[in-house]
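Visitor: Please put together the full structure from these sequences, using the hints given.
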Amino acid sequence: MTAARVREIDAGQARIDPHALVLAGEPVVVRGLCRDWPLVAAGRDGAQAAADYLLSFYNGRPAVGYTAPAELGGRYFYDESLTRLNFEAQRVSLSEYLGRMLAHLGDADAPSFYVGSTDLDQYFPGLADAGNDLATAGPALANLLRSIWIGNRTTASAHYDMSNNIACVAVGARRFTLFPPDQIANLYPGPLEPTPGGQVVSLVDFRAPDPDRFPDFAKAVAAARVAELEAGDAVIYPALWWHHVEALSDFNMMINFWWNDAPPFLDSPMNT
Numbered sequence: 008m009t010a011a012r013v014r015e016i017d018a019g020q021a022r023i024d025p026h027a028l029v030l031a032g033e034p035v036v037v038r039g040l041c042r043d044w045p046l047v048a049a050g051r052d053g054a055q056a057a058a059d060y061l062l063s064f065y066n067g068r069p070a071v072g073y074t075a076p077a078e079l080g081g082r083y084f085y086d087e088s089l090t091r092l093n094f095e096a097q098r099v100s101l102s103e104y105l106g107r108m109l110a111h112l113g114d115a116d117a118p119s120f121y122v123g124s125t126d127l128d129q130y131f132p133g134l135a136d137a138g139n140d141l142a143t144a145g146p147a148l149a150n151l152l153r154s155i156w157i158g159n160r161t162t163a164s165a166h167y168d169m170s171n172n173i174a175c176v177a178v179g180a181r182r183f184t185l186f187p188p189d190q191i192a193n194l195y196p197g198p199l200e201p202t203p204g205g206q207v208v209s210l211v212d213f214r215a216p217d218p219d220r221f222p223d224f225a226k227a228v229a230a231a232r233v234a235e236l237e238a239g240d241a242v243i244y245p246a247l248w249w250h251h252v253e254a255l256s257d258f259n260m261m262i263n264f265w266w267n268d269a270p271p272f273l274d275s276p277m278n279t
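Reading the sequence shown from the start, the letters are residues 8 to 279 in this note's numbering.
Hints may contain errors.
Said to hold, decoys possible - Result set (DMTMM-like, lysine to aspartate or glutamate): computed pairs, CA atoms no more than 25 angstroms apart in a straight line:
1) K226 with E253
2) K226 with E33
3) K226 with D212
4) K226 with D59
5) K226 with D257
It is worth saying that the hints were derived from the structure and are not from the lab.
Guide: This is how it looks when you write it as C-alpha cells:
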C-alpha cells in the first residue's frame with residue numbers, strides 16, 4: 008500500500024505545541040520528541056533492559072493481556088463469522104506476561120502478545136515523574152491521560168478515537184497509517200459489538216485488501232498518510248482520525264497522551 012508521508016518536524020529545532028498542531032487539523036510526526044526519556048534509553052540496551060526498567064515501577068496490579076496464535080500474524084480481529092474475536096484475553100501479572108513475551112524474542116513462530124491501552128499511572132506509578140513525560144505539553148494540556156501499549160509484532164486494525172492523541176514510541180518501531188474522518192465509508196467499519204479493543208474497526212486486511220469485497224478502499228488509500236516511527240519519535244493527530252497501527256519489532260512499547268474538549272459522557276480512549 009502506497010500512501011503520502013505525514014509531515015515531519017524535529018523536536019530539537021522547533022518549539023512543540025501539541026495543542027496548536029492538533030488545531031491545524033492534520034497529523035504531524037515529531038522526530039525525537041521523547042528521545043531523552045529513561046525508558047527510551049533503557050530500550051537502546053535491549054528488550055530485557057527496557058522490561059526491567061518498566062517493571063521497576065510496576066505495582067503488581069493484574070492487567071489484561073491478549074494472546075493470539077502465530078498464524079494470525081499479530082492481527083487482532085474477528086473470526087470468519089465476525090461474531091467472535093480471534094484472540095484470548097486474560098488478567099495477568101505483567102511481570103509474568105512480559106517474561107513470556109521475552110522468552111519468544113527472535114522466535115519466528117512466536118505467539119502474539121499484546122497489552123493495549125493500559126493506564127500508566129494506575130499500573131506504573133512514578134514512571135512519568137521519572138522523566139518519561141511530555142515537558143512540552145504546556146498548561147493547555149495539563150490533564151493529559153497517559154496509557155501504555157506493550158507487545159511483540161502486532162497490528163491494531165484501523166479505528167478512530169474521540170480524543171486527540173500524542174503517540175510516543177518508547178521501544179521498537181511502529182507504522183501508523185492515518186485517514187481523515189471523511190474516509191469512514193471507504194474503510195468499511197465492522198460490527199459495533201463485539202470489537203477487538205472497544206472501538207469499531209475497519210474490516211479491510213491492509214496486508215491483502217480484497218478489491219471485490221472492499222472496492223472503495225482504494226479511495227481511502229489515496230487520502231491516507233503514513234508515519235514510520237523509531238524509538239524516541241512521536242506522531243500527533245486529531246480526534247476522529249482513523250489510524251491503523253503496526254508494531255514492527257520483536258518487542259515494542261508505546262506511551263500515549265490523550266486529551267479533548269469533548270463532554271465527559273463520551274467514551275474513554277482507554278477503550279481502544
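Visitor: Now look at each hint and say whether the structure bears it out.
Guide: Now for the hints, and whether the structure bears them out:
For a cut-off of 25 angstroms, the pair hint linking K226 to E253 stands: about 21 angstroms separates their Cα positions. Distance hint between K226 and E33 is fulfilled; the C-alpha atoms sit about 18 angstroms from each other, no more than 25 angstroms. Taking the CA atoms of K226 and D212, the gap is near 15 angstroms; set against the 25 angstroms cutoff, the hint holds. Between the alpha carbons of K226 and D59 the distance comes to roughly 44 angstroms, so the proposed pair goes past 25 angstroms and is violated.
With a C-alpha separation of about 32 angstroms, the suggested pair K226 and D257 falls outside the 25 angstroms cut-off, and the hint is violated.
Checked against the numbered hints given earlier, this structure breaks hints 4, 5; the rest are met.
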